[in-house]
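Engineer: With these hints in hand, go ahead and build the complete structure from the sequences.
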Amino acid sequence: MPSTHMSAVATAVLVRAGAAVNRTFVLPLLMFSPTSGCNSRCVSCDWWKRSAEDDLTLGEIAEVARALPSLGTRLVVFSGGEPLLRPEVFSAAELFRAEGARLHLLTSGVLLERRADGVARSFERVVVSLDATSGALYGAVRGVAALDTVEAGVARLRRLAPEVVVTARSTLHRMNFRELPGLIDHAKSLGLDGISFLAADVDSTAFGRTSAPGAASGLLLTRDEVGEFEALVDRTIDEYAADIDSGFVAQSAGKLRQLPRHYRAALGDGPRPAPACDAPWVSAVVDANGDVRPCFFHAVIGNVRREPLRVIVEEHLPAFRRGLDMRADATCRRCVCSLKTGWRSAPWL
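Each residue of the sequence shown is one higher than the one before, counting from 861 in this note's numbering.
Be careful, since some hints might not be right.
[To be verified] Straight-line C-alpha distance at most 30 Å; calculated DSS-like pairs for lysine-lysine:
1. Lys1115 - Lys1200
2. Lys1048 - Lys1200
3. Lys1115 - Lys1048
Keep in mind the hints are simulated off the structure, nothing from the lab.
These numbers were taken from a predicted model, which means no experiment stands behind them.
Structural biologist: Shown next, in the form of structure tokens:
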């Protein structure tokens, strides 16, 4: 325990020291996509339109993994596409585990029942997408009739590995914002350890897109719907105060109120929530094809097929940060998924 504690403290000190002089002394978090393929067809994402033909090979993934100890990386989060769609996903996981990294998994859950044994061996935390409480709405939002399959996968993983933390993540938009309180109840009924909520991103080329969908996405709320959403959030805060206070609902009351504010701002009726994020100082994103980004939403700053990850992190990442004014940057101002860490609140702790 003492060595783990000291390592966490040392990481926090090095992160802040690096931020003060714009150097990357340590990169505690890496987001990694083992494949760009996906077996869902979500309305808020375009990964399903991509092929996995250009995914990094296991040999190339091994090169990325070998760079992590020297970067002080403590946690690797497997993201998507759908990570479990890659046949060798657990071989890729072992490459990172062999270098001392802890692993989290972001998944749709569609393949969770089938691959629960490997998930239980490889990952200490699993975040399952849960965007509806009924099969019909789930199918409309995520493009596949798979809610029962996801629930069966959660149940099997719970039986196999009760020590694995399993939570839900819900992206709320015009089709499903009224599900907010029901999703909290549904997460409890599944025996999950918690649930978090996001507004839909319609302003970036993240998530497999070639262009930002904007209003054409059909995800933005009308003015009347924003007002309804705001009232629903207030009721949820009152009725589920204990779940917010306990952390079962990951967002604070203030963060929950920011969800409809994103949609009100998109209508030009108010400011967007002020960005509070240190993602480019504590993390990087490695896409399935080797592209490296400061976060999911900003442009590519390098590719591990052309130069080592360490060079990208130690040279290109500080160069990106040097020109970043988060308060004025359009991408940061529109972000729906910021990462703010602290001495006692960071995903790698």
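Engineer: None of the hints should be skipped; say for each whether it holds.
Structural biologist: Checked hints:
The hinted pair formed by Lys1115 and Lys1200 meets the criterion: a straight-line CA distance of about 12 Å does not exceed 30 Å. For the hint linking Lys1048 to Lys1200, the alpha-carbon distance of about 26 Å falls within 30 Å, and the restraint holds. This hinted pair checks out: Lys1115 and Lys1048 have alpha carbons roughly 21 Å apart, not beyond 30 Å.
No hint from the list above goes unmet by this structure.
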